[in-house]
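Given next are the chains, with one letter for each unit.
Protein chains: 2
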Amino acid sequence: MSRPMHNELAPWLALCRVKGLGCVSFKKLAACFSDPTKAFAASRTELEQVGDLRAETIEGLIHFAEWTEVDNEVSRARAAGITLIPFSDERYPARLRTIADPPPLLYVKGEMVERDDKAVAIVGSRSASDYGRRVARDLARGLASMGFTVVSGMARGIDGMAHEAAMNSGGRTLAVLGSGVERAYPAEHEQLYQRISENGAVISELPIGTRPMAFNFPARNRLISGLSLGVVVVEATEKSGSLITASLAVDQGREVFAVPGEVGASRSRGSHRLIRQGAKLVENVDDILEEIAPQLSTRGHGVISAPLSLPPSASADARKIFALLQENSLHVDEVIERSGLAASRVWEILLDLELQGYVRQSPGKKYAAERSN
Amino acid sequence: MSRPMHNELAPWLALCRVKGLGCVSFKKLAACFSDPTKAFAASRTELEQVGDLRAETIEGLIHFAEWTEVDNEVSRARAAGITLIPFSDERYPARLRTIADPPPLLYVKGEMVERDDKAVAIVGSRSASDYGRRVARDLARGLASMGFTVVSGMARGIDGMAHEAAMNSGGRTLAVLGSGVERAYPAEHEQLYQRISENGAVISELPIGTRPMAFNFPARNRLISGLSLGVVVVEATEKSGSLITASLAVDQGREVFAVPGEVGASRSRGSHRLIRQGAKLVENVDDILEEIAPQLSTRGHGVISAPLSLPPSASADARKIFALLQENSLHVDEVIERSGLAASRVWEILLDLELQGYVRQSPGKKYAAERSN
Numbered sequence: 001m002s003r004p005m006h007n008e009l010a011p012w013l014a015l016c017r018v019k020g021l022g023c024v025s026f027k028k029l030a031a032c033f034s035d036p037t038k039a040f041a042a043s044r045t046e047l048e049q050v051g052d053l054r055a056e057t058i059e060g061l062i063h064f065a066e067w068t069e070v071d072n073e074v075s076r077a078r079a080a081g082i083t084l085i086p087f088s089d090e091r092y093p094a095r096l097r098t099i100a101d102p103p104p105l106l107y108v109k110g111e112m113v114e115r116d117d118k119a120v121a122i123v124g125s126r127s128a129s130d131y132g133r134r135v136a137r138d139l140a141r142g143l144a145s146m147g148f149t150v151v152s153g154m155a156r157g158i159d160g161m162a163h164e165a166a167m168n169s170g171g172r173t174l175a176v177l178g179s180g181v182e183r184a185y186p187a188e189h190e191q192l193y194q195r196i197s198e199n200g201a202v203i204s205e206l207p208i209g210t211r212p213m214a215f216n217f218p219a220r221n222r223l224i225s226g227l228s229l230g231v232v233v234v235e236a237t238e239k240s241g242s243l244i245t246a247s248l249a250v251d252q253g254r255e256v257f258a259v260p261g262e263v264g265a266s267r268s269r270g271s272h273r274l275i276r277q278g279a280k281l282v283e284n285v286d287d288i289l290e291e292i293a294p295q296l297s298t299r300g301h302g303v304i305s306a307p308l309s310l311p312p313s314a315s316a317d318a319r320k321i322f323a324l325l326q327e328n329s330l331h332v333d334e335v336i337e338r339s340g341l342a343a344s345r346v347w348e349i350l351l352d353l354e355l356q357g358y359v360r361q362s363p364g365k366k367y368a369a370e371r372s373n
Numbered sequence: 001m002s003r004p005m006h007n008e009l010a011p012w013l014a015l016c017r018v019k020g021l022g023c024v025s026f027k028k029l030a031a032c033f034s035d036p037t038k039a040f041a042a043s044r045t046e047l048e049q050v051g052d053l054r055a056e057t058i059e060g061l062i063h064f065a066e067w068t069e070v071d072n073e074v075s076r077a078r079a080a081g082i083t084l085i086p087f088s089d090e091r092y093p094a095r096l097r098t099i100a101d102p103p104p105l106l107y108v109k110g111e112m113v114e115r116d117d118k119a120v121a122i123v124g125s126r127s128a129s130d131y132g133r134r135v136a137r138d139l140a141r142g143l144a145s146m147g148f149t150v151v152s153g154m155a156r157g158i159d160g161m162a163h164e165a166a167m168n169s170g171g172r173t174l175a176v177l178g179s180g181v182e183r184a185y186p187a188e189h190e191q192l193y194q195r196i197s198e199n200g201a202v203i204s205e206l207p208i209g210t211r212p213m214a215f216n217f218p219a220r221n222r223l224i225s226g227l228s229l230g231v232v233v234v235e236a237t238e239k240s241g242s243l244i245t246a247s248l249a250v251d252q253g254r255e256v257f258a259v260p261g262e263v264g265a266s267r268s269r270g271s272h273r274l275i276r277q278g279a280k281l282v283e284n285v286d287d288i289l290e291e292i293a294p295q296l297s298t299r300g301h302g303v304i305s306a307p308l309s310l311p312p313s314a315s316a317d318a319r320k321i322f323a324l325l326q327e328n329s330l331h332v333d334e335v336i337e338r339s340g341l342a343a344s345r346v347w348e349i350l351l352d353l354e355l356q357g358y359v360r361q362s363p364g365k366k367y368a369a370e371r372s373n
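Chains as they are written, first to last, in the numbering used here: chain A, 1 to 373; chain B, 1 to 373.
Because the hints were derived from the structure by calculation, they are not lab data. Treat each hint with caution, since some may be false.
Remember, identical chains collapse to one label, so a pair may be satisfied in a single copy or spanning two.
What the hints assert, rightly or not - Lysine-lysine pairs mimicking BS3-like chemistry, simulated, CA-CA at most 25 angstroms apart: (1) K19 x K280; (2) K239 x K280; (3) K28 x K38; (4) K320 x K365; (5) K27 x K38; (6) K320 x K27; (7) K365 x K38.
Taking the hints into account, I'd like the entire structure generated from these sequences.
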């Protein structure tokens with residue numbers, strides 16, 4: 001029943017085409033078969049032992065017959081300059097791998113790098129107000145200058161502003177589309193799309209040629225939150241898709257942030273509802289960092305041992321800061337003052353050191369060097 | 001050592017003049033001596049048994065010698081049309097009696113009535129923005145039209161607007177001053193002061209002639225929250241006295257509400273901080289009611305038995321609504337529709353019925369008749 005494989009990516013693409021095989025079933029399958037080739041070669045009995053796979057899915061795997069289409073998709077992707085990143089690939093985002101329903105395969109225009117693991121999403125209304133756009137810009141700028149990758153959905157309004165501002169600050173940005181990754185949606189964001197693919201990546205789980213249909217957007221939103229440590233909702237009406245993203249973020253254990261606005265402004269109503277439901281009210285980047293910093297060293301990367309000296313690869317600036325903190329625990333302002341480094345550089349280093357488990361942040365932005373024990 | 005009393009109020013006023021006798025000690029004293037006259041007649045040994053009274057306070061009680069001044073104060077109050085309401089008086093607000101440090105005596109210009117027990121405070125910046133004033137007005141209007149008494153501090157800006165709007169909607173209002181109650185502070189609120197004393201009361205714990213000194217305001221703020229089920233902060237800078245009121249409200253077990261505004265507006269920074277600390281974000285009166293309604297039937301009045309029929313004093317409208325709810329539990333909109341009564345009347349009745357334990361509110365503004373069990 002298995003077929004000769006022309007390309008190692010083919011079985012991943014094939015999985016995406018099996019009827020009834022959603023991303024949750026996929027994750028189950030992935031836990032049982034190290035390699036999807038084996039899922040296509042498995043017997044009915046073996047597949048039944050995976051548990052909870054529908055009869056339709058089992059038949060779909062056994063009788064899968066769309067290998068030609070799969071090969072064509074691989075060629076089309078290659079021709080369009082799209083990278084296919086399967087679940088097993090080391091370039092597949094580590095954080096996204098942890099959600100309940102990760103896509104078997106990502107279509108990527110551009111490049112994803114390791115530091116994109118330190119990502120925060122900024123989403124919001126397509127018909128944003130000047131106020132909303134200004135706040136989105138300031139937050140994206142701040143996050144980018146601290147070394148965070150800004151994730152969004154490349155929509156008009158808040159999304160577009162978040163991508164732009166991150167790149168204008170020299171930062172990286174990821175755009176997740178609810179349509180095929182081969183072209184810009186909305187079309188007016190053609191230039192933005194090009195720029196993002198050069199300063200980050202445009203990502204989709206949908207096959208090439210998938211048109212932007214409303215029903216694909218909620219699923220897309222789970223990738224925006226799945227890629228991120230937290231999601232910031234800047235402006236959202238009461239029926240905004242951003243509220244879906246926020247709710248998915250909660251399910252995924254991500255932090256949710258919302259920017260308030262004036263009472264009576266319809267575009268702030270959704271944000272206000274989120275805050276009442278427990279989202280953290282955000283005025284500036286510090287409010288985001290406070291929530292996210294502890295996560296960087298624990299939730300994202302498991303419990304970390306506490307080394308006493310930095311690795312040989314550490315920069316001179318990082319060594320300087322780590323040495324200061326080994327003497328005394330210091331407020332971030334003191335670190336900036338004593339190190340003589342730029343604030344954004346200090347923040348970036350502190351976050352990296354925290355991420356790697358060398359320093360620990362206490363409430364009130366105090367940092368201390370970890371000690372091995 | 002006790003002196004003949006010319007007036008039953010005299011010992012209360014005397015208590016206020018004993019050195020080192022704060023409101024917390026007063027409450028301790030009140031628990032031991034049913035009548036303050038007895039505290040002045042007590043022996044040193046008896047006073048020592050009260051516990052935690054300072055030596056200075058015990059001497060002050062035993063050697064109290066300012067009865068002439070006390071008599072003068074009673075006369076002055078009478079001449080100025082000020083009512084003195086001691087802790088023991090049934091007109092002393094029930095809710096205020098429960099705080100840790102209730103004043104032994106209130107100076108009142110105007111009248112306090114039983115329904116002032118259903119009170120909500122609205123406080124905020126003296127230099128309010130047009131936005132803040134508009135929100136304060138809308139909230140005060142809404143609360144007043146549902147039968148709530150609006151409490152505030154008669155300051156410029158938010159406070160003044162809250163008092164005005166409550167009265168303009170035919171409601172009652174209480175102003176708590178941080179100076180003697182005999183005259184308006186600030187002076188430009190002379191007219192407002194007159195109007196409040198006719199549609200509620202101006203209240204102070206401070207002796208006649210006390211000038212408005214900054215150090216008296218924090219203590220005044222504890223009365224604003226102490227009189228209220230909850231405190232709504234409309235606009236507050238990061239150093240605003242409203243934040244003190246909010247913090248006192250938390251200590252007193254009162255609800256704290258805050259109105260958001262745009263990020264970057266300095267007058268919203270304090271409100272945003274409160275929200276981050278757990279204050280409920282308020283857009284409209286419903287947000288306040290949701291939090292406060294459950295309190296009306298339990299916290300404010302102890303556990304209430306669940307009667308099956310209304311008392312003879314109940315109005316025809318109340319009977320109509322209670323009968324509807326005995327058939328089915330209904331959303332408030334259905335109650336309004338089926339009863340044919342005005343929305344504000346329905347809200348008022350529902351809150352009263354809930355206060356008296358006849359109906360119960362579930363999330364989503366559904367009301368049900370209580371059943372005895």
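Status of the hints after comparison with the structure:
1. In this assembly of identical chains, the alpha carbons of K19 and K280 never lie at most 25 angstroms apart, being 40 angstroms within a copy and 47 angstroms across copies at closest.
2. For the homomeric pair K239 and K280, the shortest alpha-carbon distances inside one copy (20 angstroms) and between copies (21 angstroms) are both at most 25 angstroms.
3. Taking the closest pair of Cα atoms, K28 and K38 come within 25 angstroms of each other only inside a single copy of the chain (14 angstroms); across copies the shortest separation is 79 angstroms, beyond that limit.
4. For the identical chains of this complex, K320 and K365 are intra-copy neighbours only, at 18 angstroms inside a copy versus 59 angstroms across copies, given an alpha-carbon limit of 25 angstroms.
5. With identical chains, the CA atoms of K27 and K38 are at most 25 angstroms apart within one copy only, with a shortest distance of 14 angstroms there and 78 angstroms across copies.
6. For a Cα distance limit of 25 angstroms, the shortest separation of K320 from K27 qualifies neither inside one copy, at 44 angstroms, nor across copies, at 58 angstroms.
7. Taking the closest pair of Cα atoms, K365 and K38 never come within 25 angstroms of each other, the shortest separation being 50 angstroms inside a single copy and 55 angstroms across copies.
Violation of the numbered hints given earlier is confined to hints 1, 6, 7; the remaining hints are satisfied by the structure.
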